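Asker: Residue numbers (the numbering used here), protein chains in the order written: chain V, 753 to 839; chain X, 6 to 563.
A hint or two may mislead.
Taking lysine-lysine pairs in the DSS-like style, the calculated list, with each CA pair at most 25 angstroms apart, reads [as the list claims (entries may be wrong)]: (1) V:K782 / X:K512; (2) V:K832 / X:K365; (3) X:K127 / X:K512; (4) X:K512 / X:K289; (5) V:K782 / V:K765; (6) X:K127 / X:K365; (7) X:K512 / V:K825; (8) X:K226 / X:K127; (9) V:K825 / V:K765.
Bear in mind the hints are in silico, worked out from the structure with no lab data behind them.
Nothing here was measured: the structure is a model prediction, and the numbers come from that model.
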Amino acid sequence: MTEEKGGLFRAIKEFVYGLAAHDSARYALKSRASMEHLFILITMVDMMGVPIVPPYYSLMLLPYVVPQIATGKRRMLREKDLTDALA
Amino acid sequence: MNSVIVVVLGFIVSFIGYGIYAKYIDKKVIQADPKKATPARMYMDGVEFMPTNRNILFGYQFKSVAGAAPIIGPIIAIQWGWLPALIWILAGTFFIGWVQDYTSAMVAMRNDGASFGRLSHKLISPRARIILLSFIYFYLLLIAGAFGNVVVSTATSLKAAPMAWLFLTVSGVLAGQMIYKWHNDIIFTTIFCVVITLIGIFLGSLLPSDRLLGEYIAGNKPIWAVIAFIFCYFAAVLPIWRFALPINYVASYIVFLGLVFGIIGIIILHPDFSLPAYTSFSIKIGPLWPIMFVTIACGAISGWHSVVSSSGTARQLENELDARPVGAGVMFVEMFLALFALIIAGTIYTSPQDYSAAVKVGPASVFAAGVAKFLGVLGMPADIGKAYGSVMMIILAITIMQLVIRFMRVATSELLSDLHPLFRNAHVGTLIASLLGLVLVLTGWWQYLWVLFGGANQLMASLALMLVTAWLMAEQRSYAWTLYPMIFMFVTTIAALFVTSLSLLQKVFTGAVTGEALVGNTLMGIVGFFLVLCALVLGYDGIGAFRRLRSKAVRGEI
């Protein structure tokens, strides 16, 4: 019974979080992701065939960018349209 | 009839719809599989694709879909009588509403989290995507116009609302500063900012705008329309954490508290319906079919839900089994919101004349009177209750409106930036969107605007069902349960948009309207016909796609 109560309380807490703050958290993440896109575009765009920064500097920055390469590429190259911006 | 019977009917429909019908579709037709990797798991990027707990998603989906529409629709539609409205809310949700919300999420999930633009390109035709996106732009414009009108009519008719709105804005901006810049404790920030807004509601009842600003400014529609769009302008051009999001955050608590206590008040009071069950087939805004079916959009079926389900929720569901509680479950909860609005409108007036006088001013006065009555049961003084109801209505409308203007800014840039680089500028895009919305608010009659918005919204729903049906055909699954609702919605909404646009333009050509009404009728009529045209082209392409998919299925190519 106690566990059920805890489950219900947790569910309500999560519902209120979803209602009030989940959207804000998503927007904050999206804003950060946009900045990261710019950073990757400036420093690592040679991975997509458009060299801007000389490869020497790209190589120096590479260790810092490695964790974001896979997801960053997926996000940047994914087909997008207006409906993506709506939700 | 007693309002408790309406609530009981709601529970019965939810039990059968969610517990039996939706469960059967989920298990037997869609065959939701908990072991299947969802896009949120496969493409997790920590931003858009992120596995999220279903309780959180339930709250997110509810917040994203439940705006002012499920409340305003029934308040207007009760002009045909409460019985047709009640039947449509229950039957619409049971046969169409949850079907659309749930399947939009499922189709997107089974297609790697693709948005509707991509899906329409893939399943219908390449030009379907372009038409869909143009359609969405005008759909957004009608949302801005219809909801802008609600904000303006609330601010001008309920004089306590502006003060509360001002305090909400200040507390929202303060909440953004406290959370993101000063890094204050979130619980403290929430309580502090919600209390400031509550103080604003109290002050609004003490110092109404006519006493503070004078009768002329307090009741001046253009002034409040400009203020509403300046508000939206800031929401569109400022960083989203600075203005739009924290205001929405604080506002969500005000609405949530109001709804919870309002519902408790209704349950305690359980009043009888005082308005007639049925009035007439044809009333001033149009005939029962098709107009009532678009007047009540959210609460029965709404195209906006399909966009949220496909582009937002589908990318966060961590398990296919969660699509039913989140997609379908939220729709049944929203149905209750519409039922409570119906109870408010149907029970608080002693005669149809009183209701007509109130609704003539705007739906907000009906809603605020209802909130005041039902919060009054819990001991809240009537004037504060009315101020609370009015600010709830402003919140429900302006929070959607500000996001819509923001989206329109993005859309303007997307659609027009190839013509001239100037359109890439955020201020130019926002100004265009705001001016178009402002013209609609200032020149359009709010009930026609609402019908057009409802028509566009429902048309979006039928297009979503068209995509779902095409996908079911491609997958060789049973599709009658989405095809027939789609046909009904498609025919009904095209008829509604056509009838409304025709009647608007007829008044223009016969010289029945002059001045600002001439501008409003022309603009609304043209937008309505444009939407009909888009829908017809999409319908034509849709039929072609259905034929292609069926013949492929017969030949065994898919």
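Asker: For the pair we were handed, K127 (chain X) and K512 (chain X), check the Cα-Cα distance against 25 angstroms.
Answerer: Distance of about 41 angstroms is beyond 25 angstroms: violated.
Asker: Are the Cα atoms of K512 (chain X) and K825 (chain V) separated by 25 angstroms or less?
Answerer: 55 angstroms, violated
Asker: Would the hint linking K782 (chain V) and K765 (chain V) be met if the CA-CA limit is 25 angstroms?
Answerer: 24 angstroms, holds
Asker: Check whether the Cα positions of K832 (chain V) and K365 (chain X) lie no farther apart than 25 angstroms.
Answerer: Outside the cut-off at roughly 43 angstroms; violated.
Asker: K825 (chain V) and K765 (chain V): Cα distance at most 25 angstroms?
Answerer: Not satisfied, since the Cα-Cα distance of roughly 35 angstroms exceeds 25 angstroms.
Asker: So if I understand the rule, the pair passes when the alpha-carbon distance is 25 angstroms or less; does K127 (chain X) with K365 (chain X) pass?
Answerer: 46 angstroms, violated
Asker: Are the Cα atoms of K782 (chain V) and K512 (chain X) separated by 25 angstroms or less?
Answerer: Status violated; Cα separation ~47 angstroms.
Asker: If you draw a straight line from the CA of K512 (chain X) to the CA of K289 (chain X), is it 25 angstroms or shorter?
Answerer: 14 angstroms, holds
Asker: Is the straight-line distance between the alpha-carbon of K226 (chain X) and that of K127 (chain X) 25 angstroms or less?
Answerer: 46 angstroms, violated
Of the numbered hints given earlier, the model fails hints 1, 2, 3, 6, 7, 8 and 9; all others are met.
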